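Asker: Modelling step: build the complete structure from the supplied sequences, incorporating the hints.
Here the protein sequences line up with chains A and B, keeping their order. Residue 201 in the numbering used here sits at position 201 of the first sequence; the count goes up by one each step and never skips. Residue 332 in the numbering used here sits at position 332 of the second sequence; the count goes up by one each step and never skips.
No wet-lab data here; the hints were simulated from the structure. Check the hints yourself; a few may be wrong.
To be verified - Within a straight-line C-alpha distance of at most 30 Å, the following computed DSS-like cross-link-like pairs (lysine-lysine) qualify:
1. A/47 x B/123
2. A/187 x A/237
3. B/147 x A/81
4. B/221 x A/47
5. A/136 x B/147
6. A/81 x A/47
7. A/136 x A/47
8. B/221 x A/136
What the hints assert, rightly or not - Computed far set for chain A versus chain B, every beta-carbon distance over 10 Å:
9. 51
10. 87
11. 95
Quantities reported herein were computed from a predicted structural model and do not represent experimental measurements. The C-beta atom is built at its ideal place from N, Cα and C for all residues, glycine as well.
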Amino acid sequence: MDIIETRELAVGYGDVRVLDELDLAIPAGRISVVLGVSGSGKSTLLKTLAGLMPPLGGEVRFAGAPVDYYSEASLRTLYGKVGVLYQGGALLNSLTLAENVALPVRMQFPEMPLGVVEDMVHSALAQVGLASSAGKHPAELSGGMKKRGALARALILDPEVVFCDEPSSGLDPITSASLDDLLLSVKETFGMTLVVVTHELRSIERVADRVFVLNDGRLHFCGESADLVASEDGFIKTFFLRKDGHDDT
Amino acid sequence: MTPGMNGPDPAAKAPETLLLPRRLRAPEVPGLFREVQRRAEEGPLTLDFREVEEFDSSALALVNLVRRLFPGVEAVNMKGALARAGESFIERPRPAEPGPAGRGWGLGRFFGGVTDAFLLRVKAVGRFLAMFGDEIYHLGVYLRERKGVYPGETWNQLYFMGYRSFPIVCLLIFLVGVTISITSVEQLSLFGADVYIADLVGLAMLKELVPLMTGIILAGKVGAAITAELSSMVVLEEVDALRTMGVVPEKYLMVPRLLAITMAVPLLVAMADIVGIFGGVLVARLTFGMAPSAFLDQMMNSVGWSDFAWGLIKTVVFGWAVVVGSGYKGLTVGRSAEEVGRATTESVVLSITLIVLIDCVFAFILY
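Answerer: In structure tokens, the structure reads:
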């Protein structure tokens, strides 16, 4: 079953269409990776799917229902079903890590007993290995810790879909691999759908179930990760060869 | 450059030939372009590259430009490396054909530009007013439901806007009180009316100077800080993060600030009134020996509680204008660090403009 479907979707800024005529089908309970070179529109697509930017054309369906980007109620429903892990973490600097993770619960369910919130926060932070850093502010955390903390915040209300915008960027290979493991465990433990935007080859090989490759403003490839690796397509081969070289340096 | 001419025959309209020099690099290109331009306007022209040995990309760009500007100009004898380089030269994409409004350089274009700029301003004013309305709505909903704002945030903001602004507001207002008294007492003494310094300082401080100065200090201190903070949050995707958490950023971020300014301003104004008048008392005492009690008695003859209340109301409205104006600038910023600085500057200008406009409206109401 596909949880997100797009039909002839066009995304971009103002009148500039970064991506056009996208027909995507994102399967539920699996990890879909959106792949493409820098500037190919990966993050713009993610923002549109997460409800942050209205599309310039076409349609997005979430769990079978069309998303109305100009209806507050429709967007509120969508936001209740998604979590987003931003590229830089986007933790609020004025709050501690625990307060950041608690934020979605306290804002959406202000009547929730504080003890319950604290338990939820502890559990979420423990899952990402940050229980001992709950009282720290984002400025005191490393890049990897910020991303794990942001993942805990994205997961705390058990969203149906988690969007991850370049989770490995700026991280060393070991931290990056541990974050990949975390994404896999989220999928396996909670059966969540993850949409991961990346151009890190190692991450793709580790976590991807389905891969969407964007190139020249269009969907260039869509298939299983094994098909991607075996693909004879010129662009994909070039992309992987170059990424291999880049990663090894 | 050694341009050569081969048998011009104007009657037959045969193309003139311009033999290009051996070296054709950036230093030679401007002069050559002027020469080509002059000759191309006179009639058909052929650029002969047979002697060119040294060239760079500016020469290729020149050929490209000349071909585009003067379709009658032909380039011949481009061979070898020059021909290959010419083929690999990537032409700059031509700008889109301008619409009727953008064509030409005349009055139409000028008025088109003015109209566009005006419409952009109108749209910005519309967005600002819409945000002002939204904030009033969010404030009302919050006061009724007590949801959507982080607990304790209002007190944090009150500490920053009120307590941290208190010293600078008091210092500046005291100095304004002293200055206005010194300049006034000199003029009043010419008519033997020194005693009316109390009336003047009292009225000016309570109704005009304290509200205006407090508003301007808040614009510079509080407004700039709000814009810088919010715009940084936008750039760091924190505002997007709030939105996808189901939090309304315009409410979460703005309502505590609006509540804080509403609570902070009366305290600031009360203290500012006191220190401003104290400045007047001090000058009156030191310049012509007027007793503080006499000063206050005299002042109370012309100043009433309504003057204090109007000053307070004005300053609260100024405070709202500062918070909403700077919040608007912060939340509508672009996505680059450069825009954070620009938005912060614009927010101070916007806040002060709003304060002066609102003050003008109050002047019509009060006087």
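Asker: Now look at each hint and say whether the structure bears it out.
Answerer: Each hint tested on the structure:
Of the pairs offered as hints, the one joining residue 47 of chain A and residue 123 of chain B holds, with about 25 Å between alpha carbons and a cut-off of 30 Å not exceeded. A threshold of 30 Å between alpha carbons decides the hint, and for residue 187 of chain A with residue 237 of chain A the separation of about 28 Å falls inside it, so the pair holds. Proximity of residue 147 of chain B to residue 81 of chain A is assessed by CA-CA distance (about 20 Å); at most 30 Å being required, the pair is judged to hold. Between the alpha carbons of residue 221 of chain B and residue 47 of chain A the distance comes to roughly 34 Å, so the proposed pair goes past 30 Å and is violated.
Pair hint residue 136 of chain A plus residue 147 of chain B holds up; C-alpha atoms about 26 Å apart against a cutoff of 30 Å. Restraint check for residue 81 of chain A and residue 47 of chain A: the C-alpha separation of about 14 Å stays at or below 30 Å, so the hint holds. Among the hinted pairs, residue 136 of chain A with residue 47 of chain A is consistent with the structure: their alpha-carbon atoms are about 29 Å apart, no more than 30 Å. In summary, the hint linking residue 221 of chain B to residue 136 of chain A is supported, as the alpha carbons are separated by about 28 Å, within the 30 Å threshold.
In this structure residue 51 of chain A is not separated from chain B by more than 10 Å, as the shortest Cβ-Cβ distance comes to only about 7 Å. For residue 87 of chain A, the non-interface assignment is contradicted: its Cβ lies about 7 Å from the closest Cβ of chain B, within the 10 Å cut-off. With a closest Cβ-Cβ approach of about 8 Å to chain B, residue 95 of chain A is found to fall inside the 10 Å limit, against its non-interface label.
Taken one by one, the earlier hints fail for this structure at numbers 4, 9, 10, 11, listed in ascending order.
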